[in-house]
Each structure stands twice: as structure tokens, then as C-alpha cells.
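Participant: Spelled out from the first residue to the last, the chains are:
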Amino acid sequence: MTDRNQSVADTFPKLLRERVRTGGDRPAMREKRYGIWQTWTWKDYEGVIRRFAHGLSDLGFKRGDKLTIIGDNRPRLYAAMASAQCLGGIPVPAYQDSVAGEIQYLVEHSEAHFIVAEDQEQVDKALEIREQCPFVQAIIYDNPRGLRDYDPELVLSFEALEERGRQLAERDPGFLDQAIDEGSGADTAVILYTSGTTGTPKGVVLSHENLLVTSRNAAEFDRITPDTNSLAYLPMAWVGDNIFSFSEAFVAGFCVNCPESGATVMQDMREIGPDFYFGPPRIFENLLTMVMIRMEDAGWIKRKLFHYFMGVARRAGGRILDHQSVSLWDRLLYGVGELLIFGPLKNTLGMSRIRVAYTAGEAIGPELFDFYRSLGINLKQLYGQTEAAVFVTMQLDGEVRSETVGTAFTDVELKIAENSEVLYRSPGVFQEYYKNPEATAETKTPDGWVKTGDAGYVDEEGHLRIIDRAKDVGKMNDGSMFAPKYIENKLKFYQYIKEAVTFGDQKDYASAFINIDLDAVSNWAERNNITYGGYQEIASHDKVRGLIEDCIAKVNEDLAADSHLRSSQIQRFIILHKELDADDGELTRTRKVRRRIIAEKYGTLIDALYSDQQHVEVESQVTFEDGSTGSLHADLKIYDLPGLKPMHESLAAAS
Amino acid sequence: MSERQFGDAVLSFDNVSISFGAVAALTGISFDIYEHEIVAIIGPNGAGKTTALNVINGVYQPTDGTITYKGEARTRMRPYQAAAQGIARTFQNVALFKGMNTLDNIMTGRNLKMKSNLFLQGLYWGPAQREEIEHRKAVEKIIDFLEIESVRKTVVGRLPFGLQKRVELGRALAAEPEILLLDEPMAGMNLEEKEDMCRFVLDVNDELGTTIVLIEHDMSVVMDISDRVIVLDYGRKISEGTPEVVRADQNVIDAYLGVTH
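If you read the protein sequences in the order shown, they are chains A and B. When we follow our numbering, the leftmost residue of the first sequence carries the number 1, and every step to the right adds one. When we follow our numbering, the leftmost residue of the second sequence carries the number 1001, and every step to the right adds one.
Hints listed in this document are in silico derivations from the structure and should not be mistaken for laboratory results. For glycine and all other residues, C-beta sits at the position ideal for the given N, C-alpha and C. A hint or two may mislead.
What the hints assert, rightly or not - Straight-line alpha carbon distances no greater than 20 Å define the calculated SDA-like cross-link-like pairs of lysine to any residue that follow:
#1 B:K1194 - A:Q267
#2 B:K1141 - A:N143
#3 B:K1141 - A:E159
#4 A:K32 - B:H1135
#5 A:K302 - A:L339
#6 A:K304 - A:R314
#7 A:K507 - A:I606
#8 A:K592 - B:E1140
#9 A:K578 - A:L547
#10 B:K1141 - A:T39
#11 B:K1141 - A:R148
#12 B:K1137 - A:W37
#13 B:K1153 - A:L547
#14 B:K1153 - A:G262
#15 A:K32 - B:K1194
#16 B:K1153 - A:G146
#17 B:K1137 - A:N229
#18 B:K1141 - A:G146
#19 B:K1141 - A:T348
#20 B:K1194 - A:I606
#21 B:K1141 - A:L518
#22 B:K1137 - A:T348
#23 B:K1153 - A:Q267
#24 B:K1137 - A:L339
#25 B:K1153 - A:Q120
To be verified - Counterexamples of contact, computed for chain B against chain A with all Cβ distances above 12 Å:
#26 F1006
#27 D1008
#28 V1023
#29 P1044
#30 Q1092
#31 R1110
#32 W1125
#33 D1144
#34 F1145
#35 S1150
#36 V1151
#37 T1154
#38 F1161
#39 D1203
#40 E1240
Turn these sequences into a full structure, and let the hints guide you.
Facilitator: Okay, here's the thing in C-alpha cells:
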């Protein structure tokens, strides 16, 4: 349980002293070396941090200096982070798989004069950028393998620096404590560069207070105790790892376990059996795939048992976890299943002891989410950002849903902007983007609200639901939100629909262009004895219309159930006579719909969708594979969804 | 590579010949191998490269000539005696215990260093237990060195070929050899595996100071990593020297490209 008295410690180095005073012999870090888990107590951890800090200072590291850290999750790299903070410096972790050019940007932009690199691979990258970054004074490595012949003036071992630190500490014993006392909560604790899928990476500046307040809240939220064990396997440059493996560990005093190598994470997880776990959906998906493949290879008895009890789990597991009522018989069966299937399976996954696990970063598929919950693993979602020191919303135990991301986290204020964009304000809100005031002003309002760039809404129960990227979301004439990508993805989930483009922004109702999936539809046609001559013919076939109509009707049903998206139900649609194609500029090379170009090219079709026409003639340019162009003429029918009142009628009635 | 320091000759062949019946596999071969160097033995198929290795580690006895190892002329010798004297090797076709895991395979490399008897080892008691722990530590260091932690407990037969080769190197290293004989360590590997293996060979030589004699067909590997190259053809030594010298030697070019007599 977090002790509120700790709030006197307003920086990590001060908190570290507290940790050692209150539980110096408790484990702080564990690392598997030579096949055996070796433990650092908080006292050991502090010893390394202090020696290294002294050593850094001996090299000339001053208050405000930056320390770039590149490597896998290693105890010494976490210690280096804390050491820089002791001296009032700022650690800048980099993604370990970055290429030299990316590291160069980060080192240049943050003006880091010192680099801590895990091993030869990372040291080589640091040396590669030496010409562009001549201000780098020292490169310190953790693993000496292969580094014997490197320039000792520039490239130092961790041990060597610790030794220099030991000597400085003897000469000037009071120095470090004084440096620590000079620090305050408003100081920058870390700069985290966002991976930057769009444009150059931005350095998110987080203060000690940002991290400490949110970590304290989070530790309290999940009742994290010092007996907790976590596994540090996600990149250190990612805010999630910074919070879960560093900040929260310091706050709650629990033990962080570092796997032997990237390839052994599964094995190490099984050995450690963490009770606090964090992973992006991708990891949970990979695990599930692995389980399913292994089950396919298992003997038939095992396979039968697995599938039978997974059925029971789907029925009862999630409800049991949420303390909802479950029939006595199901409860009994679930107990047997736990003994035969779920228990051993969780053990194999290293998830036997998990008390709380989180997934975040992107939307998780409901089946995936429910699989883990039905096994009795308390997997929950949170919604967060680097700019918020992770936490924006979190799911409370018993209020876990797959489609929403929970309620506003402690001390977080949430609001939805006019354009449906989600905004928040919290003690964790970042200070600024390092040396980028324009971007800071764009993202953070003067009164402290941060724009997430995501569109969503808060449902009746107060849970936040993220729909789409805000820039894609429009507004219908009745004022409700229109999220084209969200609806299109729902449509494309059906095998017969290959591509969909929906319209509704500034319109009275929603409509769609549909591209059939020729493979799936021709297969269906074959089975139903439908003959056709080509793409155009099958696309305009009346029975295909019925097929697509069913898909749209199902999507509409989902949309109708959602109070915020009710108006987005698709009322009219056209099945296109040709496939949308990157060669014709209609899609990007990664098959993303280019809305603007389609709107220009098929303007007449869109106009027709919003008139009372029942068919429309179209002449469109196509580019053949050999590069020559031709034109395609078609007379397309416009279909109204049955059940919904034909729009042109209601329009006529209105006028 | 030129500024690298080597010690004294650790192994010398003086006029060594061996024949099987009428077939002369090696004829009058003489060369020295110095401490801490990497020597490659190359030559076309059937040149006698593997035979030379087999003579070094005592599988074959030379019919003529003397072998001096660490200053002493060698008499008849069995392979296990060679192993006890610090000569370890790997094989052209991996020769591991396929049904055992990586850890146990490398552990077998420690066998000659174990002092307790089979009975005590079976009981896993007292000195035997302490000894086992010591050996396990040594093996774990090798696993760390060769970066095969992730397959520590994997049965070797299920590993890809490149990794099996690495496990075999690990087993050879477990004997803490002074001379390591590698028979085509990169054969059948893809480019990435080859590069890894090269790095490990160089690291073994550099960090452990082990002398390495290797047979290899990939000339770019040979030219990159060896300090000296010995070229055999039809059981005779036709050239010897640094990679640059050997590459320019007309005899070698003729042997590889063929020449009309």
C-alpha cells in the first residue's frame, strides 16, 4: 500500500533513500545471469546508482546534462537512469533497435554528451555518429563482450566508471547527497522521444512530479504492494516501461525482473510468474496463436478437453472474474476446468500469479480480450499517452469491457471537444516537447488541456470509448459524430466486402461505396449456381446486392445499438463497377482509402447517393497494368437499405 | 591483423606422411602452428585437410615423420589423450547427442575435467555435487559467451543447423582447449549464421586466447579471419603464408583453377 507520507520525497533520488531506509533488504531488481536469477536488494541498487553517479560526475556530468541510454532492459541501465537523476541530469532512453541515424537525431536534438550503451552493437552505433556528434564525451558500456580493443579514452566499462565513482566518493563523501537535496519535483526527470510515425520524433519532457504523482496514484489504484514482481521486457524508451519498471517500482518498492535476453522472455516469465504485467495487444495475440497452434498438435483427448472447457470458460470465466452470478453447475465445471486445463495453461504462459495485467497502445480484439479473462486472468485496458505519463483512463475491477477503455483515472479530468476529440488534464501532463514550442502549443492548451488526437465519447456509464483518429472524424447535419474509418473497418470485417468508402460528414444520412471481394463473392456464386461474365456483371448482380445488404444490415444493427453512432447507419449504397486501385490513385500503396481523390473522381456518384435517383451513369478512367489508360462505362444502381425509410422519400416529405 | 602478437610454435609437423594402403593421404607435410593464431587449412576436395586434423587430434597415427606438441615429440596417441592435453575439435557433420539438450551436450565437454567417480556422480552428493556446480558454472559462461541462452533446455535435434554448430563449438570450448580444431564450421550456413560464427571464432581467439586451426571452403571467410593459411593439394603442402601471399601464389591458383600439364 502506498504510504502518503512518502510525498515528502519529490524526486526519484530522494525516494530511493526512503526505499533503502524502509526496506533496504527487499529485492529491487533481478536479472538472470549464467542461468541463475541474481538479486539486487534496494541497498545494492542504491550502491550501484551512487557509485555510477559519482563516476559520471567525475567525467564532468553536470546538472541539466543529458544521458542517452540505449539497450535492452538491464538493471544497470535502469541504475544509470537513476544516477543521472541524482546529479540533476536528464536520462534520455532510446529504442534499442533504432538505427544509427535515429540515435544521431536523438543525441543531437537532446544534446546528450554522455551515452550508456548496453553492448558492442549499441556502442558501435554510438561510435558511428561520433563524427556528426563530436560533443559526445564518453560512451559507457554494460557488457564488455568484444569491446576490448576500443579506444579507452572514449569507451569505458560500467565497472571502470563505478571504480572512479568509488574514489570520488572517498574524496568527497558529502557531495552526492548535496546534489540530491538540490533537486526538486519540478525538475525534468526524463525526456522520452515518441517514435514519430508522422514526422520527426518529439521529445516529451516529464518532470519528477509528473511521474511520481501518477505512479503513486496508479500503485494505489491497483493496490500494488512491495511483494509484487513484474517483468521488464518492453523497450526502456517507451513511457509504459518507464512507469511500470522504474517509477512505480520506486514508489511501491516492488521487484523488477529483467529477462536474460529477448529470445528467452517466455521462459523467464514462466520462471518468475509475475503478478503485475503489461503488454500491448500484439503480445497477447502472439501468445494466443502459439497456444492454438500447440493445441492443434496435441493428442485428441487433450484437444477435446481443451475445446470443451474453453467453451465453459467463455460462458462462465469472465462472469466469475467480475463476481457476477453463475449457475452452480457451470461453477463446478469451471473448477474442474481450472484443475485440468486453465491452471496448467496459465502456468505455461507464466500467468498463474497475475493479479492485474494491462493492455494498451491500440484496440484489442474482443475475442482476444475475452480469452484471457475467461481463463481467470485479470486483464484490463487502459488508455494512455506519453504526454500524460501514461494514465488517462483505466478500467476498475468489475467494470471491464472490451469496447471501452475505462473511466477517468485518479486526478484526471476528461472532456470531449466539439469535434469529438478527447482532451484531458492531469498532474501527469507533460511539461513540453523539448525544443519544439510550436508542437507544444498545438497539443497543449494554455490552461493545461492536452489534445489526444483521438476521437471518442463517454458512454452512459462514464466509460471512455475511442472511435477513431480525430482528424478523420466528421459531423453529420444532426450534430452527431461521423467516424468513417470505424464504419469502414466494420464493413470490411465481412469477407464479401473488400473495400468500403463511407460518406456522412455534413450530410443528412450516411451512405457507402462498396467494393466486392471478387474471390469470396465468386466462390459464393459458384456454390449458388450463379453464372457471370466478369467483375462488372457479378458486381451488379441482384443476388450479390442481397449479400452485401445483409452485411450492411448487420453493421447497422451494431451502430444502432450505439447511442452516439446511431445516425451513422448506412441508408444507401452503391456497389462499384471496378475495384478501387492504387494504380488509379484511389488507394495509397498501403491500401488506405484516399478520400479526397475519390470524392473528386466519383462526385457524380456521391451526388446521386444524396438525391432521389435510383441509378446513375458513370464514366471512369482506369489504368491498365501495362500503364495504358482506358475508360469504363457503367450504369450503377443505387440501393436503399430495406427497413430504413428510403431517404429520398423522407427528404421529399421534409421539403 | 599484422600487428597481432603470437607466441611460440605450439604444434609442429615435421615431414609427416600418412598412407592408407596404397593411397598417400599426406606426403611430407611440415608446418608450425603458433600460440594464439588462427590458421586455415584449405585445398580442393581430397587434398587431405580433414586427415591433417585427424592426425593432430590422434585419430590417425602418421606412418612417417614427427609431431611436436608443446615442445615434446609425440609418440602414439589416442584421441582422448589428445583431448586431455588440450586439443578439442568440432566435426564437419555435427556430432552432437541429438536427444540431449544444449546444456547437457556442453556439459559432456567437461567430462575429462571431472574427478569424482561415476558412483558419486550418480548419488549427486558431497564433493560430486560441489564439482557439478563448478562445472555447471563453466558451462553457463560458455552459454552466455555463445549467446545460446534461449535454447539452453532445448533438445539439440530440434535446433536449426546453424545453432547446432554453435552448440558443438560450445562443447569443444567446455574442455578449455589450447588448440581448437574446427572442421568446416560454416558449412551449410546462411550468410547471417556465417557472420555470427565468424564473430564467435574471432571472440574465442581474442578473449580466451585459444589457438584455432580451421578447415573452410568459403574463401571470403578464410581471407577475413585467418592470420595464416596453409594450402594442401593431393596430400602435399603447396603454399603457406598470410592470406595476401597465398592468394597471389601461382601454385594455389593452379590448384584451384586447374592447369594443363
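Participant: Could you tell me which of the numbered hints above are not met by this structure, giving the numbers in increasing order?
Facilitator: 1, 8, 13, 15, 16, 17, 19, 20, 21, 22, 24, 25, 33, 34, 35, 36, 37, 39
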